[in-house]
Amino acid sequence: MLEDKVFSGERLTREDAIKLFQSDDLFTIGRLASYVAEKKNGRNAYFIVNRHINPTNICVNRCKFCAFSRSKGEEGAYELTIEEIIKKLKDGHGSRVTGHGFSEVHIVGGLHPDWPFEYYLNMLSAIKKEFPSIAIKAFTAVEIDYMSKISGLNLEDTLKTLKKSGLDLMPGGGAEIFAEGIRSKLCPEKISGDRWLEVMEIAHNAGIKTNATMLYGHLESIEDRVDHLFKLRDLQDRTGGFQAFIPLSYHPKNTEIGGFYSSGVDDLKTIAISRLVLDNFEHIKAYWIMLGEKISQVALLFGADDIDGTIIEEKITHSAGAMTEEGMTKEELAYLIKKAGKTPVERDAFYNELWKG
Amino acid sequence: MERIDKQTALNLLKNADLLEIGELADTIRKNLHSEGIVTFIVDRNINYTNVCINKCKFCAFYRDVESPDAYLLSNDEIFKKIDETIALGGTQILLQGGIHPELGLDYYTDLLKSIKDRYSINIHGFSPPEVNYLAERHVLTIRETLIILRQAGLDSIPGGGAEILSDRVREVLSPKKIKSSQWLNVMEEAHKIGMRTTATMMFGSVEEPEDIIEHLDAIRSLQDRAGGFTAFIPWSFQPKNTELAQNSPPHPPLAKGGRRGGINSKLYPATAVDYLRVLALSRIYLDNVKNIQASWVTQGLKLAQVALRFGANDFGSTMIEENVVKAAGVSFRVSREDIIQAIKSAGFKAAQRDTYYKILRSF
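Chains as they are written, first to last, in numbering that gives the first Met the number 0: chain A, 0 to 356; chain B, 0 to 362.
Bound-form chain A, shown alone (with noise of 0.2 Å):
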């Protein structure tokens, strides 16, 4: 019985994730994964005061799932300097929007093509001196393979050169869906899955903790997730360089290949059956500029313990027709927390308890 599989702590198989995957019992996975999330964190849903930068839309991959990204020269591309970027943080630092300080700047933007590895080191180091309290995560892998090919470095110096730079920890993006006939038809120019594991196996051996991610809801089949899913508890076997999964809803509009949004039964099944099959994950986040806060909201008690933060300018999924606002007060996602019947505990970009609800 799987039920009993979760109880005592037992592995999932693959077959037992894909069983997941086709039943129609949600509130039994609801409730397994429930179960697994206290076990890891109590009663805590974790929130983080940050903010976004997306440094330019300007990128030489064209991923068909995207409606941020610019060529050079097209109508609505931008770059931003590191005083336009150091002056972003200062206006939302201490405001009253966030109640103190960020904890955490989340920066990842497109592979832009004249742009030198010096100019990511500059952005780092400027950041750092201006804010030395804020954490920075940053540049997903896709974005470390790229500064990797400008600067000539191996991943592995890439990586230490932004850490000493500031680079403090990695977001998730980019893993998409590691699923590679899918991915080919998604986003032919972007690393591979095999890639963006190495990315993330360097980077978490170099002491950078990361995140990961998986975009579902748009061609892949149920073995696809299943199989995306083990290819990170494995990777996590290893490294334990992951702090947490975060499944990203397809979001169709304006992309090229259109389709629809994901179901709020499907985004809450998929949420808890993350949580059951990766074990080793210590966090499982459910993304509110994704989900909506309505849905990530339900989802902590579907096996998620985290709802994101208070992001101030959200772009990407933005332009793919997201129906959230662009970002929430510190207020709104404890309250959001407190509703569904959890202890909001505001953490930094580590999650070391800052505040407790």
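Treat each hint with caution, since some may be false.
To be verified - Pairs of lysine-lysine residues, derived as PhoX-like cross-links and limited to a Cα-Cα distance of at most 25 Å, are as follows:
| hint | chain 1 | residue 1 | chain 2 | residue 2 |
| --- | --- | --- | --- | --- |
| 1 | B | K54 | B | K239 |
| 2 | B | K325 | A | K252 |
| 3 | B | K239 | A | K338 |
| 4 | A | K18 | B | K343 |
Said to hold, decoys possible - Rough simulated footprint, nothing fancy, chain B against chain A, three-plus residues with beta-carbon under 8 Å:
| hint | segment |
| --- | --- |
| 5 | 19 to 30 |
| 6 | 111 to 125 |
| 7 | 264 to 274 |
| 8 | 284 to 297 |
| 9 | 335 to 348 |
Everything labelled a hint here was simulated from the structure, so no lab data went into it. These numbers come from a predicted model, not from an experiment. All residues carry an ideal CB built from backbone N, CA and C; glycine is no exception.
Given chain A, put chain B in place with the hints provided.
Okay, now just chain B, sitting in the frame of chain A:
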């Protein structure tokens, strides 16, 4: 399953684990609607006027007669809206206004007749506050008023204006609106003369859990006696642009102003978890009401999909036009195709129905 009493219901509402209460509601829904079909209706809300003397504190839609953006639709404007509705496959119009102090029964009967002369479409119209106002104005009984309206062409009555059927709460929210007993009386009289109606509940404002139970119990008791409710529709208070939100004290733990309602708005809407809990309890408690509607208009499509596993079996209307919730800052626009897709991807068969829940077309 045995009928649950008020005390058990209160306990479920206050203390039950969300998944537990959801699963119970889901099981009941499966038994009542074993074919796995989720229905919807193609219709349009026509708000013939926004002038209203009731001025409820939770409402962002009403205006005074003298207000520069007060309006009263002409019959031609209404006909144009009906033409568009029929062109989109619509079978019903929801005709509802404010309570306009200058309109008497003649206005209503003329409007109904002129619609029925031109169209064969179901007129779902005039919630109990409007019916009650006409009866008082013309010194008629409720029954007489309803019969006059029905003869002119009114088919069925929407369940609006119920808000929370607890006079303690109504005194705060809507002191000028009809009391609980009057709302129930209009519905009972309508059912007695063979008209079908729906019932609604607006929660998430200033009520206590006990008030929600009182509301559900009043609906269940009336349904036992009269049996004319086709569906129950719970939805949550939407605070933006309402007097209630602007004059409310800070909502703990939200001492600082949220951006959503502006600095002065401290009243937060019921959250998704609250909505699912009330919805599930409604399914469990109202064992004599066959259909429970999910409110995608207030909750969004994704949560409405989840609601289909928490007791709901109907997706309500495609809402070719909706004005009242939109005035309170919530606007989810979707097409009929979006609704069909949403129902299917939540794991159900989608079907268009008429006012009486007869299936017209499966998708």
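Going through the hints against the structure:
1. Among the hinted pairs, K54 of chain B with K239 of chain B is consistent with the structure: their alpha-carbon atoms are about 15 Å apart, no more than 25 Å.
2. Proposed proximity of K325 of chain B and K252 of chain A is supported: the alpha carbons are some 22 Å apart, at most 25 Å.
3. The straight-line distance between the Cα atoms of K239 of chain B and K338 of chain A is roughly 20 Å, inside the 25 Å bound, and the hint therefore holds.
4. Simply put, K18 of chain A and K343 of chain B have alpha-carbon atoms about 21 Å apart, close enough for the 25 Å limit, and the pair holds.
5. Check on the segment 19 to 30 of chain A: 5 of its residues sit with their Cβ under 8 Å from a Cβ of chain B, so the three-residue criterion for coverage holds.
6. Against chain B, the segment 111 to 125 of chain A contributes 0 residues with a C-beta closer than 8 Å to a partner C-beta. That does not satisfy the three-residue criterion, and the hint is violated.
7. With a threshold of 8 Å between beta carbons, the proposed coverage of the segment 264 to 274 of chain A by chain B holds, since 4 of its residues qualify and at least three are required.
8. Residues of the segment 284 to 297 of chain A lying with their CB closer than 8 Å to a CB of chain B number 7, which satisfies the three-residue condition for coverage.
9. Coverage of a stretch by a chain is defined here by at least three residues with a beta carbon nearer than 8 Å to that chain's beta carbons; for the segment 335 to 348 of chain A and chain B the count is 5, and the condition holds.
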